[in-house]
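S.K.: The primary structure of each chain is shown beneath.
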Amino acid sequence: AQKVTQAQTEISVVEKEDVTLDCVYETRDTTYYLFWYKQPPSGELVFLIRRNSFDEQNEISGRYSWNFQKSTSSFNFTITASQVVDSAVYFCALSEARTGANNLFFGTGTRLTVIP
Amino acid sequence: KAGVTQTPRYLIKTRGQQVTLSCSPISGHRSVSWYQQTPGQGLQFLFEYFSETQRNKGNFPGRFSGRQFSNSRSEMNVSTLELGDSALYLCASSFGLDWATEAFFGQGTRLTVV
Numbered sequence: 007a008q009k010v011t012q013a014q015t016e017i018s019v020v021e022k023e024d025v026t027l028d029c030v031y032e033t034r035d036t037t038y039y040l041f042w043y044k045q046p047p048s049g050e051l052v053f054l055i056r057r058n059s060f061d062e063q064n065e066i067s068g069r070y071s072w073n074f075q076k077s078t079s080s081f082n083f084t085i086t087a088s089q090v091v092d093s094a095v096y097f098c099a100l101s102e103a104r105t106g107a108n109n110l111f112f113g114t115g116t117r118l119t120v121i122p
Numbered sequence: 490k491a492g493v494t495q496t497p498r499y500l501i502k503t504r505g506q507q508v509t510l511s512c513s514p515i516s517g518h519r520s521v522s523w524y525q526q527t528p529g530q531g532l533q534f535l536f537e538y539f540s541e542t543q544r545n546k547g548n549f550p551g552r553f554s555g556r557q558f559s560n561s562r563s564e565m566n567v568s569t570l571e572l573g574d575s576a577l578y579l580c581a582s583s584f585g586l587d588w589a590t591e592a593f594f595g596q597g598t599r600l601t602v603v
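As they're listed, the protein sequences go chains F and C. Residues 7 to 122 in our numbering are what the first sequence lists, from first letter to last. Residues 490 to 603 in our numbering are what the second sequence lists, from first letter to last.
One or more hints might be untrue.
Claimed, not checked - Estimated spans, in silico, between C-beta atoms of each pair:
1. C/560 to F/91: 18 to 26 Å
2. C/560 to F/21: 42 to 50 Å
3. C/500 to F/68: 32 to 40 Å
4. C/560 to F/69: 34 to 42 Å
5. C/498 to F/65: 42 to 50 Å
Note that these hints are calculated values from the structure, not bench results. What you are looking at is a predicted structure, and each value in this text was computed from that prediction instead of being measured. Here a beta-carbon is modelled for each residue, glycine too, at the ideal position from N, C-alpha and C.
Isolated chain F, as found in the complex (with noise of 0.2 Å):
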């Protein structure tokens, strides 16, 4: 089955640091796509990455970059330089080829504080 594990219940950081938000996953479908997606408190989902499982490299943009490991089956979220409009919650999601593109397993996601 599958499963999206965000560890991290909240974080907090001072505005500047660097964060990591974590996100390890369970499929057993060999085609499938990962995403990141950002909630502000006005409550709409932002998409911020999608990745699929045949593309491990790594992305940045901007201040914000990924790490897809699929030999841990992690794809991890790292801020740099954080800012405070950074603050929000994080969801980590999961879609399969076997049980549809559009069919989103979230993680329960991480809420980002970010104090000036």
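Place chain C on chain F using the hints.
M.R.: Same frame as chain F, but now just chain C:
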């Protein structure tokens, strides 16, 4: 372009009533998925519609149903509301069934059942 629009944003209903929520996807998107978010269960997939057909369904009772219209707009309906149905209901739209597409979410409808 306009994002995913969900209406209403907030709703209060009484136990036993039914409710209909609406989702207008991004123009050109044909797939609409619905999710329920609660503090206890987190984000859970309800169902997905593509070209007016339900493609996938999550593990929810039959009281939860949906449909999609020819313009890709979707509605979900919950009958015989229970207190536990209080949640944020999120709709996501994507271009198609192609697993390379990404899903964009609306701001959700917050349903409170009293």
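S.K.: Could you check the structure against the hints above and give me the numbers of any it violates, in ascending order?
M.R.: When the structure is compared with the hints, numbers 1 and 5 turn out to be violated.
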